[in-house]
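Taking the hints into account, I'd like the entire structure generated from these sequences.
If you read the protein sequences in the order shown, they are chains A and B. Each residue of the first sequence is one higher than the one before, counting from 194 in my numbering. Each residue of the second sequence is one higher than the one before, counting from 194 in my numbering.
Hints in this document: simulated from the structure, not taken from any laboratory. Note that the structure is predicted; figures quoted are calculated from it, not measured. The hints are all genuine.
Remember, identical chains collapse to one label, so a pair may be satisfied in a single copy or spanning two.
List time: in silico DSSO-like cross-link candidates among lysine-lysine, alpha-carbon distance up to 30 Å: (1) K891 to K748; (2) K245 to K593; (3) K219 to K639; (4) K206 to K593.
There are 2 protein chains.
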Amino acid sequence: MQNNPLKEIMNPKSVAMVGASGNPAKMGTLQLLNIVYGGWGGEILVVHPTEKEVLGNKAYPSISELPYAPEMAMLVVPTRLVPDMLEDFGRLGTKRAVIITAGFAETGDGGRELQARILDIAAKYGMRFLGPNCMGIINAHAPFNATVTPLQNPPGHFSLASQSGTYAAQTLGYLAKRGIRLAKAISVGNEASIDLVDCLEYLGEDPETRAIGMYIESIRRPREFLDAARRISRKKPIVAQYVGGTAAGARSGSSHTGALAGPDYVIEGLFAQAGIIRASSIEEVYFLGHTLASAPPLSGKNIAVLTNSGGPGTAMADTCERAGLSVPELPPAVQARLRELLAPHASVKNPVDLTFHIDMDLLVETLPELLFESDAVDGLLVHGVMGSGWAELAHKVFEKAYGFKKEDMIKGFTRDLSRLTAMPAKYRKPLLVSSFMDSATDSALKSFQQAGVPTFDAPEKAARAMGALWAHAGVRARHGDEVRLMQTPAKAAELVQNTAPDAWDEHLAKKVLAAYGIPVCREMAAHTADQAMDAAREIGFPVAVKALSPAISHKTEMGLVHLSVADEGGVRAAFSRIQEQAGPVPVLVCEMLPTGREFLAGAVQQPGFGPVVLFGAGGVLAEALGDRIVRMAPLSSFDARDMIASIRSQALLGPFRGMDPVDTDALAELLVRLSHLAAHFPRIREIDANPVLIKNGKPVVADALFKVS
Amino acid sequence: MQNNPLKEIMNPKSVAMVGASGNPAKMGTLQLLNIVYGGWGGEILVVHPTEKEVLGNKAYPSISELPYAPEMAMLVVPTRLVPDMLEDFGRLGTKRAVIITAGFAETGDGGRELQARILDIAAKYGMRFLGPNCMGIINAHAPFNATVTPLQNPPGHFSLASQSGTYAAQTLGYLAKRGIRLAKAISVGNEASIDLVDCLEYLGEDPETRAIGMYIESIRRPREFLDAARRISRKKPIVAQYVGGTAAGARSGSSHTGALAGPDYVIEGLFAQAGIIRASSIEEVYFLGHTLASAPPLSGKNIAVLTNSGGPGTAMADTCERAGLSVPELPPAVQARLRELLAPHASVKNPVDLTFHIDMDLLVETLPELLFESDAVDGLLVHGVMGSGWAELAHKVFEKAYGFKKEDMIKGFTRDLSRLTAMPAKYRKPLLVSSFMDSATDSALKSFQQAGVPTFDAPEKAARAMGALWAHAGVRARHGDEVRLMQTPAKAAELVQNTAPDAWDEHLAKKVLAAYGIPVCREMAAHTADQAMDAAREIGFPVAVKALSPAISHKTEMGLVHLSVADEGGVRAAFSRIQEQAGPVPVLVCEMLPTGREFLAGAVQQPGFGPVVLFGAGGVLAEALGDRIVRMAPLSSFDARDMIASIRSQALLGPFRGMDPVDTDALAELLVRLSHLAAHFPRIREIDANPVLIKNGKPVVADALFKVS
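Shown next, in the form of structure tokens:
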């Protein structure tokens, strides 16, 4: 982080702009307009071949004629001019740039070459740059706004890093309307030099940033991304949308920023590990991020719902429960106090529903205070506070009927909400507000937004945002989330180094697993029927007898696995049958483990991501059921426990059908060790430990297969 | 439908209002205000004990003094007055009423009694009424608006029936802002006399209604609801939100409208059968319903995405694919034409991404026309059309820099979009627009909304709405969706009538199934070892030998099931072991069916819903995996096929691990027959056919259990 190039880019002392001119329809001009008229106090140097002055700033005819090396350069010029201009800035001594210009890696092979060229130039001069193909940056606190849209709102504490320029730079009106205030916004474009990991690290340290939102089409450095996000998310909430997981999303993203997308389940796993709250839309990125940046954290999951309408109240309660929150019946004492205050047909249990006939004082002062005061309430959702917006809707009818003036109605419906808006800070509990009114006309919405109380245009959204606060409470409370690097066992290294790719069989694979401390079934290889019988006697009957050959991969389907062999005659018969069917091959004699429930554990080298670990319901039905969880290797202890807790087949882990409950600590340890094995040896392309069976509650690998290159 | 009471309620010739007065803060007054000043032309009779005139209408001191029986009466009075007043209207001859007053079944036992009383009164006079505890109705075409909020928008073709008054009556400003126009809105309240089924039937026939939206906390007549919705949804799309499926949602709903909610999975099944598109929020009810009411239907799933920004384009493509749509690469000829028109770094594959530097003519005329013209495009999503809203965001900066006036900028950015807005009708293909601008200030959004082109404040929402159009195309195209009533087989009726509840055993249960034409395994009961051996010989080895006793319900766990018994000695041994363990009991000798994949089929009498059918992955792991689908009985052929197609374990149905693919027609037929059995005999509380095994591709019930009351 010490040398994070975004430090200077987001807060430069001086900026050179190439591409602004007298033409207000040009992108560079628009960006310079917002730098100049946005109130920034730094030095501006304009480069223009013919104009002498641009927007009140002296223009220099070329980069080489600039009076000094600006701390940061912005290029908004035709693609073909970028390399030479970057070189010119490099020669001048400028170390940071924002390259808005498009036409690089996102356009195909020619563009990729050009992008490589500007990277080479930057390397030569020790430069780092944002883009190309980006839309600029915003530092709302400076205020330094190098985008096409003027800032619409005072600065806030929610920051964005986005692979879409639009989401960082062209939604400022949208955000202002919703009361969402930005600290920083970074459009990363093609990420040739500065990428999302740099943004995460920068925003993680930025004192103005309290929550981070991201729009992601692909992740170029997944392991570094995971490490940075995991570290940061413990303190600062991170919300991200990922859209590269479908075929259409991946293809579109590739034309957009020239990056390769990863499968959705891999990103799902990475986000879970990283403590990133996944948003399903850009709207969620904004409103969840805003909430996480603005509201006090949730210290428990008990939510009170206060409403003057049953529908929104029920919808909030329902959504809370789906988000893992609780909307419990309020304590009798609280209900009793509510009952004194409310109409007889109002509901006091929770949701507290005033119904239509209301006293606004109750809704905005007495009841919220009463609920916040209760230890049984960790956070409050309110629907139905209405201010002058009502006048906007109704004034015409009232004027006709009573001669009321709109202005008087607006005044009549405008009220001071400062007691309510002060409560979140006073009680250190979040208050989230749902309202169908319009912030342009409703005084109540304006009051909430000015006070930094998050507002939502639908009850479900407010409840989901409360769910995000709870999700982040879970991230903060994680234990064992450090990856403890494991030594490579010498025995494993020796086997992996000395075994030819086509020589890996089940027995060898299990030896490597065992070297990693992963429990495998007791087993012995045998080349003759007599050896097999000796092995069976030593292991103890019943046993399994399997063909042992790296050339045979579907032993069960080929009838080369004999299970529950009960006696010596059975071992001899199994040995003979295997020789008949598979030619002269050795056999593996294994202890029989209890069946009835099976798991699988595995790892693959995922292109573009490195090793990922799989865990799921296993055995014959595994492929049919697809109940699998994926994480990037190596795993923390938390990761492994979280994988186990995330499979749908949770019932398999408990005291299932009279069997012992599974020792999930032992199972987690197995996964952690497997993940280190996968991380240590990229040449093991695939590890398939399937089934993992449960003996006296402990996991034991009954079969294993490696694919090695 | 002939006598649907909503006909007169939604379009009355004359209305009596009790509860309006000179006090504009009263709910009744607000409702009368909107009736009077909303432009309604019908007759209004006001009843008020003291006032002589209310809002320009003569007021009568009591109901009995009204000059004639109004077609409809509205009551907005204290709870205790309702019964007598309803009686007064009944005596007068009024047959329809809207009871706004709350304080009935939603408040508990006392309220339930009062509600029963007003139902009795209504029955005595042949009256039907909406409510109590509702918020009124809107017929925007009349215009007859008996709610507290003035209409904000011209009439449209989307209608609502809601168990929340707020959603029918207090979101009119919210809807207007989003360009959503209503035809009818009905707040159903406690549904004492008129319920959601009546609303569905009324709106199904209503010529102004092209799509129906519903907010639901509970369904009082599930079977009738299903039948009505199934019939209507084939022609008119239905979108519904259900919030009663969580504990918190159910408790809240019960305090709200006094109704009992059903489990989420039952409603999920009911909606699927009914062809109802499920919304996850009230926002989705509105925007999906509006789209379905406004846009031409989708005749194929190929969507073109047109954008001037990569992020929204990628998000739309990703969301389309998640919604079952396709965003295919455009045909080479179309790509070639696009390439001629666009900048070199623009993308022409699909999404078509103009990138930032754009010619607005291209985005709003040339390109949409080119895409609509192509047979490869069934519908179009557009992001990035911007009108005068830009002036709102940027005018201050432009005024400072160039002295531009806001009005001139607004004029400059306002353009005629009529060629684009005419395209959906011209090509009979939907056009959905995503924009981050605000409709209050952006001319483009206004133009779209005025022309009835649906607009969305986020790209994902536009894509989801396109998905809803595709979902409805699927509903329209359903085959075999009629329930063909099945005769009760005489043999089954005889068994069910003549068997005591505690005498049901596996063999009897299978006899009933067999009487319904459901394939069961070959089996014979045996009372002695010799009989068992005779049975085994006749059936053919190997066989299963099981204890046969209604008293024993977990045979497998108790060791009373002997599978794969291979010879006569085995049969004798199994018989003896069973006698040892379970005392003197007969046994059932059954053919052995192939194992390796198992299904379960079943039915239960669901409280408040009647019989529901279950289908899922079966056998030992079934309880752990919970891969089950539920539908209401009896099933149509479509329902049964849809259940089979909906389990997660689809791989089990194909040529799984070398086994034959499952004959899904035969499996569907089994489910249909089972559903009729459950529907015929409510006293069979539970049917559990588990496992259903597959023999030569055909399903056969291997074990069955009935619980009978």
